[in-house]
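Undergrad: Each chain is listed here by its residues.
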Amino acid sequence: MSTLAETIKFRKSKLNMNEVKLPVKILIHILVGGFSILCIIPFLFVIIIAFTAESSISEIGYSFWPNAWSLDSITYLAKLGKQLWVSYGNSFLITIVGTILSVLMCVMYSYALFRKDFKFRGFFTMFSFFTTMFGGGLAPTYMICKNLLGLSDNYAAIIVPLLVNPFNIIVMRTFFRTSVPYELIEAASVDGSGEYRTLFEIIVPISKPGIATIALLNALAYWNEWFIPLLYIRDAAHTPLQFLLYRMQAQVDFLAKNSGIMGPEATKLAQNTPKNSLRMMMVVLVVIPIACAYPFFQRYIISGLTIGSVKE
Amino acid sequence: MLDVLAAKKTGNKWAKRKKTLLLISMVAPGAIWLILLRYLPMIGIVVAFQKYKIYSKAPSLLNNIIHSQFNGLGNFKFLFKTTDSLKMIRNTLLYNICWIILMLVVAVTFAIMINEITQKLVAKTYQTLMFFPYFLSWVVVSYFVLAFLDPTSGLLTNLQKSLGQVPTRWYNDPKPWPFILTITNLWKGLGYSSILYLATITGISASQYEAASIDGASKWQQVIHVTLPHLRPMILLLFIISIGKVFNADFGLFYTVPMDSGPLYPVTQVIDTYVYRALMATGGDVGMSTAASLFQNAVGFLFLMGANQIVKKIDEESSLF
Amino acid sequence: MKKIFAVILCLAMLAFTFAACTSAPPASSTAPPESAPAGTPSEETPVEPAPPSDLVEISWWLHGSNVSDDAAVMEQVNAYLAGYGFKLKPIWGTWGDFDTNVVLAINGGDPVDIYFTCSWSADEYNAFAKKGAFARLDDPDDNLLEQYAQDIWSILPETLKSGAAVNGDAGYGVYALPGFKDYAVQNCWDVNVDRLTELGFTLDDVKKGFDSFGDIFAAAKEKYGNDFYPFLIEGAVLERMVTNTIIVTGDAGSNNLLSYYLDPTDVSKAVTGKLVNKFATPEYEAFVTKVNEYYKAGYIDPAMANTSQANDARTAHQTAGTYLIGTQSYSFGYEVQASAERGIEVAMVPTTEAYVDTTGSQGAMMAISSASAHKADTMKFLNLVNTDPKLMTLIAYGIEGVHYNLNADGNVEFVTEERNKYTPWRNGLGNVTILPPQQGEADLAPGQDFWTVFKDYYASAKAIPALGWALDQTPVADEIGALANVAAEYALTLSTGAAEDPAASLAEFRQKLTDNGIDKVVEEANAQLEAFLAAKG
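So the sequences go chain by chain: A, B and C. Residue numbers 1 to 312, in this note's numbering, belong to the letters of the first sequence in order. Residue numbers 313 to 633, in this note's numbering, belong to the letters of the second sequence in order. Residue numbers 634 to 1170, in this note's numbering, belong to the letters of the third sequence in order.
Excised from the complex, chain A in its bound form (with noise of 0.2 Å):
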């Protein structure tokens, strides 16, 4: 166990990084500040537009100065009631579970893979990626998961869609391979230590930045994920709070379209709606969220310069 112990100390012990030159240092914070800057700005449009009165953009169009202001996007939404909060809880619930589950589940297969001694791997490496590659469509997949696995109106029938993803097993397996020295295993298995227990107490701690990525995408799957719930629920109380939005705004989108088949009642309702505004704000109810967990993942992802201060 000693050795082991020394491997880890050594490989954490702090470390003296020279910085790149000034020039350099400048010209990165331009390119990577700019084009941050790039990226945020449309989102702040995004929020502009969200405010705007549906008769500015008509007349002006998108405009960072709109004409006039106006919260008919939020009194909109708000008919949507307790079942706005009722789906934001879902969509929390199946994002937390979801990845949690996903990511054990993508750990392990992968560890497995980056295993040498494993007798199985290559064939279990051909058996997940394949399936990225060939698939039997919508349909099959509907009624196996429907009518044999009965995901149908329950949390599981989201969760379980997206489980597994094998590009991510393949990540992983990568990620273990640049991190993870192949001595410590053995070293490991020398100490007599169970494989599992290997596992999550000496390869997982420090497969960190990896798996807070995997964790990362998951998470974003789960929580944008509208179209397994359009398959799958049908009844408000396990509605997520994207196909929740999604519906809203294809029905909005529908109705300004088809207002001819649908007669009057419809017709008035597409007129009263402010589409554009709406949608920008929907956005806005996805993002913030999410947003705000980015921090969490990133922690463990951006680490690299202050390896040193975290001292086991």
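Derived DEER-like restraints, expressed as beta-carbon distance ranges: (1) G564(B) to L148(A): 23 to 33 Å; (2) L104(A) to V451(B): 31 to 41 Å; (3) A370(B) to Y88(A): 37 to 47 Å; (4) Y88(A) to G564(B): 19 to 29 Å; (5) Y88(A) to P541(B): 40 to 50 Å; (6) Y88(A) to K432(B): 25 to 35 Å; (7) N375(B) to D1076(C): 49 to 59 Å.
Example chain A residues on the side facing chain C (calculated, C-beta under 10 Å, incomplete): (8) S55; (9) K79; (10) A139; (11) N147; (12) F243; (13) M248.
Simulated from the structure, these hints should not be mistaken for lab results. On a predicted model such as this, the values are computed, not experimentally measured, just so you know. A virtual CB, placed ideally from N, CA and C, is assigned to each residue, including glycine.
Using the hints, position chains B and C against chain A.
TA: Relative to the frame of chain A, chains B and C by itself:
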């Protein structure tokens, strides 16, 4: 003596077996999921070769498949029965190949640059901001592009007007679109792509840099000799994977962002948009849609195996299989 | 040996997961149980074996619904239905999910009894009747309509019935019960009378037609400035209005390739009765030249030439009244509604009489799925829903006193709060003419019975010769797929006048259509139409 050896041997054998079993048990949950949600549905691939009909006596997916007639490669015909075949395949391949290379170079560069920023908070802020475009759907992105290019009230249109120029009719003129699409794609995907590289750099053990700096390596040399070699497996992996998708185009980007504008088709028509429009016009036949994706995937798979073989020659460890 | 062991282990775990998965749903499903109607003792419970039920459960997949709480309504509906031996299980499909889900359900044989279907949603009536998804209702061996649905079938207008008869999986017949709602087509110039009068023109000037709008637009441009676009058009509708052609059902989606010319003086006659390549006609060329002239003069908003932008822009201009003449596909009472909503006087100038074509007559229908386990009962149920005003009102409007109130004139006024939680799409329900009119509708026919006026208008619409015919794409699906892409590239730009050089564009377009097999499609379509007319007699 012999007995002891034999006992050790069997002990080893059992230990090996136990290890294999344990490792299999780690793979098992994922493998079972793959069987249920990926391999079982593959029965549906048959439909690509069928004239799919509902078996009206007792309709169920299985019955329908069993009773539908085979029509060979008939469902694939619509992909090639058009004078646009070459154009859409060329567009799909060219865009994908250019973007794979461009994205790779830019994302790696950005990851390295962010890693060199010593103020942690600043680095984090940049990285967070870079991720924002990824949150936006293509529909929302298309409205931004429209905000710039709108023929009557777009920001660029207004700029051109105020400079006394005749405004470009952006949605009627295909010439600038390869650039617009490239910029949009890079802008939206960079944050996402660079994070994988960034996490890999972060995972590099500090001792490696320490050793290099003791040897007197400059920052630049450290990048060349420590960072890049460590990034290589990830770079090659992402490269192989994206090569496997060269026949699939991002539908949202090519359909939504140019606002489905007809005159732009010469530069925006890709396989996915063609298939979508063809299926919309013909009532979305299951056989044809399955055939289209099977074709794209099969070709992609060949490309992927090719890329994998090449990588295997260069660096055995980094290959996919 | 090890391999075998591994495989056995895998299988064991697989079996375990199967067991876990199949037993999981009842446990983890917290879906609120359907509220049992007070008077039905046969509500199934998951714990005990279900008592022998004499109620037939009918599942009905609807479209366009906006329903978040149907518990109260369904309680009453089912209490009422129990007297007839039915129990209703509605599936409230809507614009965001209907198309995807219903196609999956049909293709996979889900046990649904009734599907909403029509000629414009993804479960397209003609295509799915052909694929065997829907039961034939007038099957000579087992004529469901005759046996169980005489009440509704006998009151439906002839044109609707003949529009419903199509070439399906089990021969030429009826595969869905048409809903009784607005079903005629009449394209009109939507005129902003306020501005027209201000410019010194009258509706008579508009009646002169498309080719003579130039002077009116020039005057408008002069008076309201360069940013005013007087001509508010939907490219495809405009083209049909100008050339007197119809929407050919089964043609390549939103961009029709085929033209079928009506006689503008008598819409029950066709000019030649043949289908032709729309874009190769001299009529189309003349139209393109003229509309291009209008576009170049600045009469048309460039946004109209952009598929994704056009709808938003059009709605915005309509609401703001910033247009002079628009294109509109008319439904009864539109001008009154539009005038009220836009705060201007809107007039409709029709380009033809009202007519009934396949698309119009197949606007909303109810099909019995071939997967339904009790087709006869389902037919009985449809007959009941479509002829029983009490039941239909309950389903369409909700509960009186909760979702709506009847005012002194007996017209419906909604209680907004409750109605927002329960708004099925009325026109998708079936026979709407047995409902009490809404106040807004009653205002359209002051002093008269709204539905009488409504029925009279639609009864006056003449059936076109090809009513009921829809193109079966199967033999030419590949060509249509390719042609649809070609048409999407050129048609809208040409039909809105936005092409830089329309003559060159059109020539290129025509060549590409020929190269991609338009002639084969035209030939096939005409053969099918002839066969259809022969079968129809």
